[in-house]
Amino acid sequence: MLPTRALTVEERIMDTPNIILSAKDLVVKFRVRNKELTAIRHISLDLFEGETLAIVGESGSGKTVLTKTFTGMLESNGRIDSGSIVFEGQELTKLKTDKQWEAIRGAKISTVFQDPMTSLNPLKRIGIQITEVIEKHQKLPPAEAKKIALSLMERVGIKNAEQRFTDYPFQYSGGMRQRIVIAIALACKPRILICDEPTTALDVTIQAQILDLIRNLQREYGFTTIYITHDLGVVANVADRVAVMYAGQIVEYGTVREIFYDPKHPYTWALISSLPTLAEKDKPLYAIPGTPPTLFSDIKGDAFAPRNRYALKIDFEEEPPFYQVSPTHFAKTWLLDPRAPQAEPPDAVKIMRERGRKNTKQTSEAQQ
Amino acid sequence: MNAAASASAHTPADVHTNEPLLSVRNLEVTFKKGNTSFSAVRDVSFDVMQGESFALVGESGSGKTTIGRTIIRINPASKGEIYFKGKRISGIIDKETDSWVIRNIQMIFQDPMASLNERATIDYIVSEGLYNFNLFSSEEERREKVFRALRDVGLLEEHAERYPHEFSGGQRQRICIARVLVMEPNFIIADEPISALDVSIRAQVLNLLKDLKRERGLSYLFIAHDLTVVRYFADRIAVIHQGELKELAQTDELFNRPLHPYTRSLLSAVPLPDPDLEKNKKLLVYDPATMHDYSKGLPSWREIFPGHFVLANDKEAEEYQEMYR
Numbered sequence: 101m102l103p104t105r106a107l108t109v110e111e112r113i114m115d116t117p118n119i120i121l122s123a124k125d126l127v128v129k130f131r132v133r134n135k136e137l138t139a140i141r142h143i144s145l146d147l148f149e150g151e152t153l154a155i156v157g158e159s160g161s162g163k164t165v166l167t168k169t170f171t172g173m174l175e176s177n178g179r180i181d182s183g184s185i186v187f188e189g190q191e192l193t194k195l196k197t198d199k200q201w202e203a204i205r206g207a208k209i210s211t212v213f214q215d216p217m218t219s220l221n222p223l224k225r226i227g228i229q230i231t232e233v234i235e236k237h238q239k240l241p242p243a244e245a246k247k248i249a250l251s252l253m254e255r256v257g258i259k260n261a262e263q264r265f266t267d268y269p270f271q272y273s274g275g276m277r278q279r280i281v282i283a284i285a286l287a288c289k290p291r292i293l294i295c296d297e298p299t300t301a302l303d304v305t306i307q308a309q310i311l312d313l314i315r316n317l318q319r320e321y322g323f324t325t326i327y328i329t330h331d332l333g334v335v336a337n338v339a340d341r342v343a344v345m346y347a348g349q350i351v352e353y354g355t356v357r358e359i360f361y362d363p364k365h366p367y368t369w370a371l372i373s374s375l376p377t378l379a380e381k382d383k384p385l386y387a388i389p390g391t392p393p394t395l396f397s398d399i400k401g402d403a404f405a406p407r408n409r410y411a412l413k414i415d416f417e418e419e420p421p422f423y424q425v426s427p428t429h430f431a432k433t434w435l436l437d438p439r440a441p442q443a444e445p446p447d448a449v450k451i452m453r454e455r456g457r458k459n460t461k462q463t464s465e466a467q468q
Numbered sequence: 016m017n018a019a020a021s022a023s024a025h026t027p028a029d030v031h032t033n034e035p036l037l038s039v040r041n042l043e044v045t046f047k048k049g050n051t052s053f054s055a056v057r058d059v060s061f062d063v064m065q066g067e068s069f070a071l072v073g074e075s076g077s078g079k080t081t082i083g084r085t086i087i088r089i090n091p092a093s094k095g096e097i098y099f100k101g102k103r104i105s106g107i108i109d110k111e112t113d114s115w116v117i118r119n120i121q122m123i124f125q126d127p128m129a130s131l132n133e134r135a136t137i138d139y140i141v142s143e144g145l146y147n148f149n150l151f152s153s154e155e156e157r158r159e160k161v162f163r164a165l166r167d168v169g170l171l172e173e174h175a176e177r178y179p180h181e182f183s184g185g186q187r188q189r190i191c192i193a194r195v196l197v198m199e200p201n202f203i204i205a206d207e208p209i210s211a212l213d214v215s216i217r218a219q220v221l222n223l224l225k226d227l228k229r230e231r232g233l234s235y236l237f238i239a240h241d242l243t244v245v246r247y248f249a250d251r252i253a254v255i256h257q258g259e260l261k262e263l264a265q266t267d268e269l270f271n272r273p274l275h276p277y278t279r280s281l282l283s284a285v286p287l288p289d290p291d292l293e294k295n296k297k298l299l300v301y302d303p304a305t306m307h308d309y310s311k312g313l314p315s316w317r318e319i320f321p322g323h324f325v326l327a328n329d330k331e332a333e334e335y336q337e338m339y340r
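As given, the protein sequences belong to chains A and B, one line each in that order.
Under my numbering, residue 468 is the last one in the first sequence; the count climbs by one each step, no gaps.
Under my numbering, residue 340 is the last one in the second sequence; the count climbs by one each step, no gaps.
These aren't lab readings, by the way, just hints derived from the structure by calculation.
Please note that a few of the clues may not be correct.
No more than 30 Å apart at the CA atoms, straight line, and that leaves these computed lysine-lysine pairs for DSBU-like [what the hints assert, rightly or not]: (1) A:K383 with B:K102; (2) A:K458 with B:K297; (3) A:K381 with B:K48; (4) A:K461 with B:K296; (5) A:K450 with A:K461; (6) B:K297 with A:K381.
Not close to chain A: a few residues of chain B, all C-beta gaps over 12 Å, as computed [what the hints assert, rightly or not]: (7) E34; (8) E43; (9) D58; (10) K100; (11) I107; (12) I117; (13) S130; (14) E155; (15) K160; (16) E176; (17) D241; (18) T243; (19) Y247; (20) A249.
Just so you know, even glycine gets a beta-carbon here, dropped at the ideal spot from N, CA and C.
Working from the sequences, and respecting the hints, build out all of it.
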């Protein structure tokens, strides 16, 4: 039914409903200048073992904050107000001190950040930055740690690893540095790799190589990947499933094909409509009017309503629940309520829908 | 290098007048440090016509920003010339020409967070150019010019009294554009103007730049690495790699019939927001060492199809011509 790569997401979810991490009703608050800001507003999310989940949304939507709670890296003015995060049977919200977090952070859940220049220490040799992680977490003697580090460097595509072991970060190009950051993140064979805009600071040609590298390593090491990105092109490339975030909430989630070819939430519609790829040259691009709401005060109704040209009266009064579209596809919009009037999605969304249908038809014909 | 050939590097369809607004001829920019020197830009020639959006596309370190900076005289040209409205603006020029250049060619920078003076009000930031060139006769006239520029970019008059930190990224980029517009330039160099902005705001800024072009006949040199944006915005595109132009064509022509292996590798690398396409695509890698054999015949700038130029030697030129038969 779907274009076949090894296994489709649906099949994988059906076959191995193995939830590796589960967040329930999570609320994260920050204290800023004596005022309280709610950055994450009641998010529930299941992460399936072996999948690649992409979290998309504009800056300030809370996508980074959400994943920081998985590694205990919230800034000191932030705290988990309520809710739970269960990873391998362990309740992560109960962990308080850095010492307690050590067994998880960097060991079982690692993060690759956006800018490789700021996540490497400019004063330390590359080799030492990899071995110190291995020595710390796996308690191995230096000679053995070096062996593992060298093989990791080769794995991530560094040629002449032996010679480049003693180089400093400035002697590496941006793409090479990001490869090292990935090597460090993988040093302890994590179960989950969080990639926070891992290629935003890189060139397109390098970006494509890094995305390929992470995909290959995932196949080899069998970890689960969370991508945080605002680039829908990257999402289309890497993701099995997609979660769309707006103002501290997940507003829609589903398989990558469901989100691109049959999105249901008006915010997802708006994101797809604003892409220059689908635009006609002589027409203006669709721009989402207004700005996201302030998270300092309570939000009444649907947070996207003031910017939403499809908003119904109820959107300003009551928060919509999640409606189920398919076994894997959910959207938090009143438009899916049986009582709601029929809404005509924007042209760009219709184009995508048509494309998706055509592709599905072609592959099913090819299979017959 | 055939300068005459690239001078005709446009087809009539896209050209509003036949006189190029800006001509870059055999430009070379060399940076020196002690005894070592490095040519960031080598033998680059192109024209930008009146009312045209011309895009320079390449990866970081390709020299695209250096070309922009050389045009507005931040970096000196080591070789070659730059002409604006037929007048030479590279090398040593008199003071009058210098201020003429500054008033007519303005630049928008990539990061609106870094390019505004945090301690100045928007009013001052927008009118700094007016002060420098005494472009107003009274305080009222200056205020009116600032207000008009703010309105043009969709900001309010009351914003003039505020400071940069009170604005979002998209609004700050509009302030940068207002500061450019107040000078009433003919030609704007936009160096990655939207890559530091959020997706939902990019559309606003792109629309604004496009509207300004249509309403005032502005011309752009649009410097970018994102081919999807360039496809929407530019009339013609030049692809630059390691300081050399590799290919130049009308936008649709370049996307439909890419010739140079570097252009094709760039096109293959752009992530498209379409999962079926994206998950079945083949990545092309550009490896100059194995892809070009210049032992027999050095490459030169050639017109393969009308208005479609590429850097190639005889053998490659033949192959390119065959490619889309």
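Hint check:
| no. | hint | result |
| --- | --- | --- |
| 1 | A:K383 with B:K102 | violated (35 Å) |
| 2 | A:K458 with B:K297 | holds (21 Å) |
| 3 | A:K381 with B:K48 | violated (44 Å) |
| 4 | A:K461 with B:K296 | holds (19 Å) |
| 5 | A:K450 with A:K461 | holds (16 Å) |
| 6 | B:K297 with A:K381 | holds (27 Å) |
| 7 | E34 | holds (25 Å) |
| 8 | E43 | holds (23 Å) |
| 9 | D58 | holds (23 Å) |
| 10 | K100 | holds (27 Å) |
| 11 | I107 | holds (36 Å) |
| 12 | I117 | holds (31 Å) |
| 13 | S130 | holds (18 Å) |
| 14 | E155 | holds (33 Å) |
| 15 | K160 | holds (26 Å) |
| 16 | E176 | holds (20 Å) |
| 17 | D241 | violated (7 Å) |
| 18 | T243 | violated (5 Å) |
| 19 | Y247 | violated (4 Å) |
| 20 | A249 | violated (10 Å) |
Figure legend: structure checked against the earlier numbered hints; hints not met, in rising order: 1, 3, 17, 18, 19 and 20.
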